[in-house]
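Participant: The lines below spell out each chain.
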Amino acid sequence: MSKKLVENISLWQLAVLMFTFEIGSVAVVGVGTDTKQDAWIAVGVATVLGAGLVWFYVYLLKQLPGRNLFEMITFCFGKWLGKIIGLLYVYYFLYISARVLRDFCELITSVIFENTPIEVISITMVGICAYMLYLGLEVFGRTGEVFIPYVFTFIILIGLAILFSGEFQMKNLLPILGDGLGPILKHVFPRLLTFPFGELVTFMVIIPYVSHFAKAAKVSVFTVLISGFIIIYGTVIEIASLGARQMERTVFPLLSAAREISLLEFIERVDLVIVFVVMFGIITKVSVFLFGGLKGLEHIMNIPYRYLVFPVSMIIGYIAIQISANNAEHIEEGIRFIPLYMHIPFQIIIPILMAPLLIWKVKKQKRRSDANGSR
Amino acid sequence: MLKNRMIRVVTFTFTMIFSGLLLMIALIDMFIWQQSFYQCVSKLFALDEGANEGYVIATAAAGFIYSIASDYRIRKKKRSQQS
Chain A
1 MSKKLVENIS LWQLAVLMFT FEIGSVAVVG VGTDTKQDAW IAVGVATVLG
51 AGLVWFYVYL LKQLPGRNLF EMITFCFGKW LGKIIGLLYV YYFLYISARV
101 LRDFCELITS VIFENTPIEV ISITMVGICA YMLYLGLEVF GRTGEVFIPY
151 VFTFIILIGL AILFSGEFQM KNLLPILGDG LGPILKHVFP RLLTFPFGEL
201 VTFMVIIPYV SHFAKAAKVS VFTVLISGFI IIYGTVIEIA SLGARQMERT
251 VFPLLSAARE ISLLEFIERV DLVIVFVVMF GIITKVSVFL FGGLKGLEHI
301 MNIPYRYLVF PVSMIIGYIA IQISANNAEH IEEGIRFIPL YMHIPFQIII
351 PILMAPLLIW KVKKQKRRSD ANGSR
Chain B
1 MLKNRMIRVV TFTFTMIFSG LLLMIALIDM FIWQQSFYQC VSKLFALDEG
51 ANEGYVIATA AAGFIYSIAS DYRIRKKKRS QQS
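These protein sequences, in sequence, are chains A and B. The first sequence begins at 1 in the working numbering and counts up one residue at a time. The second sequence begins at 1 in the working numbering and counts up one residue at a time.
Treat the hints with care, since some could be wrong.
[Stated by the list, open to error] Pair ranges (Cβ atoms, derived): (1) 156(A) - 37(B): 43 to 53 Å; (2) 266(A) - 47(B): 39 to 49 Å; (3) 179(A) - 19(B): 43 to 53 Å; (4) 154(A) - 19(B): 35 to 45 Å; (5) 79(A) - 19(B): 20 to 30 Å; (6) 114(A) - 47(B): 20 to 30 Å; (7) 66(A) - 35(B): 44 to 54 Å; (8) 44(B) - 120(A): 40 to 50 Å; (9) 136(A) - 72(B): 21 to 31 Å; (10) 340(A) - 37(B): 15 to 25 Å; (11) 170(A) - 61(B): 51 to 61 Å; (12) 266(A) - 19(B): 50 to 60 Å; (13) 37(B) - 176(A): 44 to 54 Å.
Read the hints as simulated data drawn from the structure, not as lab findings. All C-beta atoms, glycine included, are put in the ideal place defined by N, C-alpha and C.
Required output: the full structure, derived from the provided sequences and hints.
Facilitator: Have a look at this one:
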C-alpha cells in the first residue's frame, strides 16, 4: 500500500519547471503595478531576495538528502505535530492551486472564450493537469522540456514586436525612483517576494527527485535569476507600451501590451501568443502545487498519490469556481489576505523555524551514528 | 469492522480535503468581507441563477464516486493478496 514509485527529473527539467512556474501567473496579472514606473526595479530587488530564499530552501533540503518537505517536517516536529503542519501545507498548496487556476479561467473567459462558461474551462484545465500528474513527475518534466523553447521565444518576440511597432515609449519609464526607494521596498515585502518567488517553496517537494541533487542549489538560484530577468523584461514592456497609469488599471497588462502590436499592418492580434505562454505557465503552476499537495497527502495518509490524483483534481476544479464570486473579489482576496496570512507563514516563518531544529537533529543523528560506528 | 473502516482512506481523504478547503474559503470570506460564518457558508452552497455551477458540482461528485471505487479496488486487492 505504501510502496512508492521512484521518479527522477533532470536538472534541466527542474530549471524548465521553475522557469515556467515563475512566469505563469505573473504573465496573467502582472507584478509591481503599485510601484508604477519603478515596477521593474521592485521586481529586480525581489528577484535577488527570491534567489536567496530559494537557496535557503535547497540548503534545508541538503541537510536531509532524498527527503521532501513533508518528510523533513515530520523529522523536525515529530510524527503528530509533523502531520498537522504537513496537512496545513497540503491545504495551502491546494488552495493556491485553485487560485492560480481561477486566474487563468478569468483570463480565458474575458479574452478568448467569452461565451464559454468558466466552469468548463476550469474542468478542462484541471483535467489536463490531473492526467499529466497521473502519468508521473517524469512525464511532467518532459512536457516542460517540449514547450519551453516556444515559451521563451514568444516572450522575447513580443518585446521586439512592440519595439518595432513603435509602441515602446522610453519616456513612460521616467522618472526613475521618483518617489524614492520607500514604496519599492514596501511593495517588495511581502507582496513581490512571496509572489512569485516565495511560492517556490512547493519545489521543496520536487527538488529531492532531481537526479543530480548536489547541483540543485546552483541550478535553482540561476533559474530564479533568469526568470526574474524575464519578468523584468515583461514589466518594462508593459510600462513602456501602456504607461504606468494604464498598467495600474489594466487587469491583464501583458495581454493589453501585446494587443498594441501592429507590424506592417499585417501582423496583429498576437495576444493569442501571450495566451499560449500563460496557458503553459498556468498548467505548470497548477500541476506543481497539486503535486505538492498530493505528495503531502501520500506522506500523511500513507497511500500512493496516484489514487488521489483524480478526486483531488476534481476538488480543485470545484474550489476554483467557489473561491470567489467574481474577478474583483478574487483579486481583492489575493492582495489583502493571501500574502500576509498564507504566504508569509508557509513560505518564510515555518521554514525559518524548521532550520535550527533540522540542523540540531541532523547533528544529533550523526553523532549517534558515529558513536555506534566507533563501537 | 474497524479494519474495513481504515481501508476507506481515499474517500476519507476526499472528504477531509473537500470540507477543509470549503471551510478555509468561508473563513477567508468572513475575515475579508466581515460577514458571519453562516452567511459565508450559505453563499458557497447557493446556486446562482444562470451560472453553470452544476458542471463543477457534477465533477466534484464524480471525484467522490471515483474515490469510493478506488477504496473498493484497494480492498479487493488486499483481500486477494491475503487469500
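Participant: Against each hint, give a clear statement of whether it holds in the structure.
Facilitator: Hints, one by one, checked against the model:
At roughly 49 Å, the beta-carbon separation of residue 156(A) and residue 37(B) lies within the given 43 to 53 Å, and the hint holds. Between residue 266(A) and residue 47(B) the C-beta distance comes to about 47 Å, which sits within the given range of 39 to 49 Å. Under the hint 43 to 53 Å, the C-beta atoms of residue 179(A) and residue 19(B), about 46 Å apart, fit the expected range. Between residue 154(A) and residue 19(B) the CB atoms are about 41 Å apart, so this pair conforms to the stated range of 35 to 45 Å.
A hinted range of 20 to 30 Å holds for the C-beta pair residue 79(A) and residue 19(B), which are about 24 Å apart. A beta carbon spacing of about 22 Å between residue 114(A) and residue 47(B) agrees with the range 20 to 30 Å that was offered as a hint. Separation of residue 66(A) from residue 35(B) is about 46 Å and conforms to the stated range, judged on CB atoms against 44 to 54 Å. Our hint of 40 to 50 Å for residue 44(B) and residue 120(A) is violated, since their Cβ atoms are close to 20 Å apart.
Checked against the hint of 21 to 31 Å, the pair residue 136(A) and residue 72(B) passes, with Cβ atoms roughly 24 Å apart. Taking the beta carbon of each, residue 340(A) and residue 37(B) are about 21 Å apart, inside 15 to 25 Å as hinted. Between residue 170(A) and residue 61(B) the C-beta distance comes to about 55 Å, which sits within the given range of 51 to 61 Å. Between residue 266(A) and residue 19(B) the C-beta distance comes to about 55 Å, which sits within the given range of 50 to 60 Å.
A beta carbon spacing of about 48 Å between residue 37(B) and residue 176(A) agrees with the range 44 to 54 Å that was offered as a hint.
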